[in-house]
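Asks: Add chain B with the ligands to chain A, keeping to what the hints say.
There are 2 protein chains.
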Amino acid sequence: ANIDKLLGGLLARDGFDESRCASRFGSYLYRKASSHKPSPYLISRLRRYEDLHKRCGPDSESYRAALEQLKSGTKIGSTDCNYLVWMSFSGLGNRILALASTFLYALLTDRVLLIDRGKDMEDLFCEPFPEKSWLLPLDFPLLDQFNSFNPNSTHCHGNMLKTNAMNTSSGVIPSHLYLHLVHDYGDHDKLFFCDDEQSLLAKVPWLIMKTDNYFVPSLFLITSFEQELGRLFPEKGTVFHHLGRYLFHPSNHVWALITRYHQTYLAKADESIGIQVRVFDSRPGPFKHVMDQILACTLKEKLLPEVDMQDSVVTVSENPKLKVVLMTSLNAGYSENLRDLYWEHPTITGEVVGVYQPSHEEYQQTERQMHNRKAWAEMYLLSLTDALVTSAWSTFGYVAQGLGGMRPWILYKPENETTPDPACQRAMSMEPCFHAPPFYDCKAKTGIDTGKIVPHVRHCEDMSWGLKVVDSHDEL
Amino acid sequence: ANIDKLLGGLLARDGFDESRCASRFGSYLYRKASSHKPSPYLISRLRRYEDLHKRCGPDSESYRAALEQLKSGTKIGSTDCNYLVWMSFSGLGNRILALASTFLYALLTDRVLLIDRGKDMEDLFCEPFPEKSWLLPLDFPLLDQFNSFNPNSTHCHGNMLKTNAMNTSSGVIPSHLYLHLVHDYGDHDKLFFCDDEQSLLAKVPWLIMKTDNYFVPSLFLITSFEQELGRLFPEKGTVFHHLGRYLFHPSNHVWALITRYHQTYLAKADESIGIQVRVFDSRPGPFKHVMDQILACTLKEKLLPEVDMQDSVVTVSENPKLKVVLMTSLNAGYSENLRDLYWEHPTITGEVVGVYQPSHEEYQQTERQMHNRKAWAEMYLLSLTDALVTSAWSTFGYVAQGLGGMRPWILYKPENETTPDPACQRAMSMEPCFHAPPFYDCKAKTGIDTGKIVPHVRHCEDMSWGLKVVDSHDEL
Ligand SMILES: Nc1nc2c(ncn2[C@@H]2O[C@H](COP(=O)(O)OP(=O)(O)O)[C@@H](O)[C@H]2O)c(=O)[nH]1
Ligand SMILES: Nc1nc2c(ncn2[C@@H]2O[C@H](COP(=O)(O)OP(=O)(O)O)[C@@H](O)[C@H]2O)c(=O)[nH]1
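Top to bottom, those sequences are chains A and B.
Using my numbering, you'd call the opening residue of the first sequence number -15 and step up by one each time.
Using my numbering, you'd call the opening residue of the second sequence number -15 and step up by one each time.
Isolated chain A, as found in the complex (with noise of 0.2 Å):
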């Protein structure tokens, strides 16, 4: 048990004060065992990444010698240890995916990563490095400036290329950048994604990015990520499974939630499915061609039985199987309706099906503390479950498939309140979407479709523009 306890040496083991994160050593408890085993050489990558972070990090004598020179403002000599700082921002699932994306970037490029904890990073998750924290110092100079950093800061990455300030011929080096990587960055931004700007950054000590994307598809594009990224990743299409398995340990608060829910509700299921419905509509809802396409997805696809709206079956068996819906949704109506429904008539396999719905917020309430613990938790319980059923365009989706480790079953996002028709398809990768790639041929100075350049980073099956990593075993 005890490679499983580790999630297949994924996990350190040594350098963690057990009870202040439970969930870090209890999560095999609640989850089967992954799949997908993590390659040697990322596990190895991994710890090598927890020893530059034990040497570099917080009050490490090369953290004061680094914040020396950010305070210098440009690069003197050479470093010992250079660093990515990520801001907090957006939504939960958001950042979650921004989070993990930021932090492969930072083992691609050898940086040790620390995070603006925002108002709650530190509520909802557990140190994930041993010894030493990733929480980025209170006292950080720039810290009272992140928000105001914005395209146009004169320290932003993309803003300097656009006004040719980024002069490296002269040699000098600022010591810090600020890389806009929001969904509404511009193409100067987007030059991130070059080989020829990331060949630049990596003479910058400090890194400060601002995200709400996965922008992992991308960073397999660039061609000198792209034999380690290989190396790491064997299995592409694992990338957000293993690491937001390594990085993502809930803290105790929200440990507390998602056992006791599970425990309460879901443990003595026979078999669980979790439904994830997310309505990006202003009007409260809920929705009949939403609830429609819900109950179409999950009967065409037997993810739960059909019901005999006749009443015809009497017989009750004593003891029927009994199989658990967990939905999240803003919204308590869908859930709701599908309990009534399987309350109301008999399924015509004899299983009896529950529904249950953790929590109804009605509306998005980013910054409340028990309300992203809840998100958190509810992600973390959709993960749990045999099989799962998500909404179009949603990370808070994402981050359940990925951490479970599942191949959703997508629902298409309706046009003009219509159901879909197919409803749903299965995802072809765990893997979340980038929803605002670039389109960019760095070589030829043009645009191209990001999505057709190498087999195993494709359009997304929720949102065409998107890009997502998949596994591919036919080359292109």
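Accuracy of the hints is not assured; some may be wrong.
Pairs involving identical chains hold if they fit within one copy or between any two copies, as the list cannot separate such chains.
As the list claims (entries may be wrong) - Derived PhoX-like pairs: lysine-lysine, alpha-carbon spacing no greater than 25 Å straight-line:
id, residue 1, residue 2
1, K252, K16
2, K55, K436
3, K187, K146
4, K21, K(-11)
5, K305, K272
6, K305, K252
By construction, these hints were calculated from the structure, which means they are not laboratory data.
Only a predicted model underlies this, so the values are computations on that prediction, with no experimental measurement involved.
Replies: Showing chain B with the ligands alone in chain A's frame:
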């Protein structure tokens, strides 16, 4: 198990098509055996009643003869069978209690009970008597006049007394009388509960009764019934418990709701508690003072475990004891609140507590079919729990406690939007309360406190002027 199946001999074995009423012989699988055995005398009287019903019920020779009497207006000669027709009236809880009282009166007076099916009696209940239906035939001559029966009708017993139209010395006996025993009844209607009137009513072949009350307690105060009631119910506080389980078998539709809900949500629990929340307020709620009351009662009485609001209990046991709360209410707010409480915080006992509410119909919709099926299913489900909390004044709760054979904790009726202190009281007996009893001494022809005449008829816990039957060992 056969004795269980027949509820200790309460139910007749033969004369039923089992498939048409799965609940009759299936209930013992869901309810633990009652610790109250029906008396052998009650059992023999029920069998005798069944014989009477078979002989005199619809389609029999005697029934046809009695109909002739009815049509002729006055009683001519002697009658073979006398009838008691129950009019369907009021909310479902009231109806069930009224019907049980009516059946007991039929039993005491050797009448055949026939019920007006109203909108949904047939949809909700099985036939309780072997072979012959208890449903009043649809061609019953007076059926179309039922709606117009009122305290001032010519054939209303009370009205006839008031207007001196009840001239019995002439020897002319009307072939039918209307008994108005609705909560708003007048002093003359109340003379029904006097021996003199009973000996007169005994001669009338057809009695048609309209009531929304559990009038059993006042039957105990009628001298001529006293001895028989004592023989039928040596354990006095079990009248509704036995008669309710004898008479009210959920129809297959409702039984499916009950068993499906039970199997899906309740069966796997180690312990269950029912909480029936009925708020007599026209505003929608939920109300804070009611929520506070529910918590005050259940925590103080140790029906539910305290939670640790500081979340200091972090150790999660792997297989904690599971307690479920089945809450019924027209409003969803109370159960959501309770569910959140036990999700958000650990209990100090280490138990986990699941909270369920089958429906929340928001307002009373007495006539919609599925609404009353669910109301009936919910009363029944409450009766299957291990401990019960009910709301003052509510017949819905009385039905549950009676069928379940439980002395509930009664939540006092809040006044001035304030949580009562104490919040609840354990009931003296599992009997329902008669909400509108007469206060009249038939012999002395004067007012009297009818709650102080005999030790086994007392004022109710939840309504000071109500009367209920209790087990009394200390004589007055
Ligand atoms: N508890 C809960 N919160 C949700 C749900 N759906 C959306 N939210 C809230 O809305 C935010 C949505 O932002 P995000 O997590 O980035 O997901 P996305 O907008 O679906 O990509 C979440 O962080 C939650 O705060 C849900 O099903 N349950
Ligand atoms: N399903 C459901 N219906 C209820 C509930 N409380 C009240 N009702 C409805 O309101 C009616 C109340 O009338 P009745 O049963 O006579 O109970 P009482 O008014 O509480 O004495 C019920 O028959 C139901 O139709 C509840 O908790 N659940």
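Asks: Hints broken by the structure, by number, lowest first?
Replies: 2, 5
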